[in-house]
Amino acid sequence: MEYFLHILVIAGIYIILSLSLNLIVGYTGLPGLGHAAFSCIGAYTSSLLALNMGLSPWVGLLIGACVAALCGIIIGYPAVRLKGDYLALATFGLGLIVYSIAKNWVSLTRGPMGLPGIPGFSAFGYQLSEIWCYLLLVLAFVVLAIFVINRIVNSPFGRILRSIREDEIASEALGKNTVKHKLIVFVIGAFFAGIAGSLYAHYITFIDPSSFTVMESITILLMVIFGGMGSISGSIVGAVILVVFPELLRFLGMPSSIAAPTRQMIYGLLLVVLMIKRPQGIMGKYRFR
Amino acid sequence: MVQQLVVNGIIAGSIYALVAIGFTVIYRTVKFFHLAHGVVYTAGAYFAYSVVSFWLLVFNNQINFMGWLLAILTGVIGAGILGIVIDRFVYYPLRKQNASNLIFLIASFGVFIFIQNLLQLIYGAQILTIRTGPIKEGHHFFDVVITDIQILILTVSIFLMILLWLFIQKTKLGKAMRAVSDDPMAANIVGINPEKIILISFAIGSALAGIAGILISFETNIEPTMGFIAILKGIIASIIGGIGNIPGAVLGGFFLGAVENLGIWKIQAGWKDCIAFVILIIFLLIRPWGIMGIKTEKETI
Numbered sequence: 003m004e005y006f007l008h009i010l011v012i013a014g015i016y017i018i019l020s021l022s023l024n025l026i027v028g029y030t031g032l033p034g035l036g037h038a039a040f041s042c043i044g045a046y047t048s049s050l051l052a053l054n055m056g057l058s059p060w061v062g063l064l065i066g067a068c069v070a071a072l073c074g075i076i077i078g079y080p081a082v083r084l085k086g087d088y089l090a091l092a093t094f095g096l097g098l099i100v101y102s103i104a105k106n107w108v109s110l111t112r113g114p115m116g117l118p119g120i121p122g123f124s125a126f127g128y129q130l131s132e133i134w135c136y137l138l139l140v141l142a143f144v145v146l147a148i149f150v151i152n153r154i155v156n157s158p159f160g161r162i163l164r165s166i167r168e169d170e171i172a173s174e175a176l177g178k179n180t181v182k183h184k185l186i187v188f189v190i191g192a193f194f195a196g197i198a199g200s201l202y203a204h205y206i207t208f209i210d211p212s213s214f215t216v217m218e219s220i221t222i223l224l225m226v227i228f229g230g231m232g233s234i235s236g237s238i239v240g241a242v243i244l245v246v247f248p249e250l251l252r253f254l255g256m257p258s259s260i261a262a263p264t265r266q267m268i269y270g271l272l273l274v275v276l277m278i279k280r281p282q283g284i285m286g287k288y289r290f291r
Numbered sequence: 005m006v007q008q009l010v011v012n013g014i015i016a017g018s019i020y021a022l023v024a025i026g027f028t029v030i031y032r033t034v035k036f037f038h039l040a041h042g043v044v045y046t047a048g049a050y051f052a053y054s055v056v057s058f059w060l061l062v063f064n065n066q067i068n069f070m071g072w073l074l075a076i077l078t079g080v081i082g083a084g085i086l087g088i089v090i091d092r093f094v095y096y097p098l099r100k101q102n103a104s105n106l107i108f109l110i111a112s113f114g115v116f117i118f119i120q121n122l123l124q125l126i127y128g129a130q131i132l133t134i135r136t137g138p139i140k141e142g143h144h145f146f147d148v149v150i151t152d153i154q155i156l157i158l159t160v161s162i163f164l165m166i167l168l169w170l171f172i173q174k175t176k177l178g179k180a181m182r183a184v185s186d187d188p189m190a191a192n193i194v195g196i197n198p199e200k201i202i203l204i205s206f207a208i209g210s211a212l213a214g215i216a217g218i219l220i221s222f223e224t225n226i227e228p229t230m231g232f233i234a235i236l237k238g239i240i241a242s243i244i245g246g247i248g249n250i251p252g253a254v255l256g257g258f259f260l261g262a263v264e265n266l267g268i269w270k271i272q273a274g275w276k277d278c279i280a281f282v283i284l285i286i287f288l289l290i291r292p293w294g295i296m297g298i299k300t301e302k303e304t305i
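Chains as they are written, first to last, in this note's numbering: chain A, 3 to 291; chain B, 5 to 305.
Everything labelled a hint here was simulated from the structure, so no lab data went into it.
Cβ atoms here follow ideal geometry from the backbone N, Cα and C, with glycine treated the same way.
Take these hints with a grain of salt, some might be off.
Label-pair restraints from in silico Cβ distances [unchecked claim]:
#: 1; chain 1: A; residue 1: SER258; chain 2: B; residue 2: PHE58; range: 27 to 33 Å
#: 2; chain 1: A; residue 1: TYR79; chain 2: B; residue 2: GLN7; range: 35 to 41 Å
#: 3; chain 1: A; residue 1: GLY119; chain 2: B; residue 2: ALA129; range: 27 to 33 Å
#: 4; chain 1: A; residue 1: SER259; chain 2: B; residue 2: GLU223; range: 23 to 29 Å
#: 5; chain 1: B; residue 1: LEU61; chain 2: A; residue 2: ILE260; range: 23 to 29 Å
#: 6; chain 1: B; residue 1: TYR127; chain 2: A; residue 2: GLU132; range: 41 to 47 Å
Pairs of lysine-lysine, DSBU-like flavour, derived with a Cα cap of 30 Å [as the list claims (entries may be wrong)]:
#: 7; chain 1: B; residue 1: LYS200; chain 2: A; residue 2: LYS287
#: 8; chain 1: B; residue 1: LYS200; chain 2: B; residue 2: LYS35
#: 9; chain 1: A; residue 1: LYS85; chain 2: B; residue 2: LYS270
Work out the full structure, taking the sequences as your base and the hints as a guide.
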């Protein structure tokens, strides 16, 4: 039962990540290949604040998300001016740079040794140690993310995002500042990724750079594409399936030295098959152009 | 110290340049980022490793010239065939649908992940080595140490770069490749089959990647994840040199190798990959058409 709840918590964190990436990739049509970088920034910020300055995880979560959003501005400012594959490559590179910083800035992040003993959340003077408390917490944030992103995409602002996705030049011709809109989307996406990273750090109580690799970014992208580009329910389905599925491999009794490459092989194959057969994903309507 | 770093930079740069020209040959005809080029490089090294280890097993831990030749040929031809297979099974269906560049890019990433993990499943995640015998000390020239292997890497890569340049510029097939690169439709009208040219580009480009993979496995080691950084460096070299430009890719490769290695003179070695991406981003912002490239309409980048 504990194990089952744990999978649900992890799935919830991935739902936040894939929803926020879907805003960037699915609704605005920007290929973001470095989403794990933002959750890395959120996770490290709030863990370091909690460990070094004894700050409450709640405050850390907020600051972590804000720092991630700030990095979204710094990263997005040059990146959103690029087009198509160049933007993909730039976000990819920036993901790798953040990973490299987490790994090499040993005096701050302890590098590959990671940060152990990150305190968990507490509420009304009680330490949240039961797993179902975290499940409720993560669910609350999932609901928040769904609510906010749903409001964004169904607002006039969201319509501009879709117009940028469908035809950027046309929306520029209508007088929309596309660079500004793309930047705002980047920042919102980074903010939610920061929340997800911080939740992960305080739930697992240990982080190291290997949780935020490029492969992690690709997994989140796969969740978005598989579930459906530009579809909120699609992102949820994609995240849940891709979190639960590797656990099934474990039930088949595969040793982890075989299970890990097998899982990634299936991910790779899934990406190729989706691109050839159904680039918009199971529930999506939009495909990259 | 500085001289040594420059030499190291040139050696590293020649490998980057070799990956970059293979990537560029393919990019010129298909016009998308063939990321799976990196895994072809890895596969080339593993093919050669398989032949070497098989030879050592059969011939009682002895390997002669024939064995090395067979291993290298297997690696190179195997890589070429792998490139063609990837094109036929993944890119060809996408071309039929007129898919966008981003779809190609993501599919190519999928191929990369698939083959890399397939190699890991077959050979294991551990580091393997293709070298036999004791490690020899390098030659000393003016404060600089350079090994036999490094001299081999440099000569082979420069030779291949010149050979490729002559092939593209002087032969009829090279001319056809340039024609398809400039305008596939017009090339088709004058009787060049673009599909055939694409296959040839994949074969040549992938064989070059295979050679680069084998050369680097003599210099360092083989591991399943080695292609990832290699292709990123290759793409960065191509972009900073001017995408689609073969001399540019060579120049970009050497430039990247030199800057990275001079960079670790002042900064820790762990930041090497970071330096490469910072250079890429600076180039994308300031001079996206690269050193040798020609500035085209702004909309293309």
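Verification of the hints:
1. A beta carbon spacing of about 29 Å between A:SER258 and B:PHE58 agrees with the range 27 to 33 Å that was offered as a hint.
2. Distance hint for A:TYR79 and B:GLN7: a CB-CB separation of about 39 Å, consistent with the stated range 35 to 41 Å.
3. The beta-carbon spacing between A:GLY119 and B:ALA129, approximately 29 Å, falls within the hinted interval of 27 to 33 Å.
4. Here the CB-CB span from A:SER259 to B:GLU223 is close to 28 Å, well matched to the stated 23 to 29 Å.
5. The hinted range of 23 to 29 Å is satisfied by B:LEU61 and A:ILE260, whose Cβ atoms lie roughly 24 Å apart.
6. Checking the proposed 41 to 47 Å range against B:TYR127 and A:GLU132 shows it holds: the Cβ atoms sit about 44 Å from each other.
7. Taking the CA atoms of B:LYS200 and A:LYS287, the gap is near 34 Å; set against the 30 Å cutoff, the hint is violated.
8. At most 30 Å may separate the alpha-carbon atoms for a hinted pair to count; B:LYS200 and B:LYS35 meet this at roughly 16 Å.
9. Of the pairs offered as hints, the one joining A:LYS85 and B:LYS270 is violated, with about 34 Å between alpha carbons and a cut-off of 30 Å exceeded.
In this structure, the hints that do not hold are numbers 7 and 9, in rising order.
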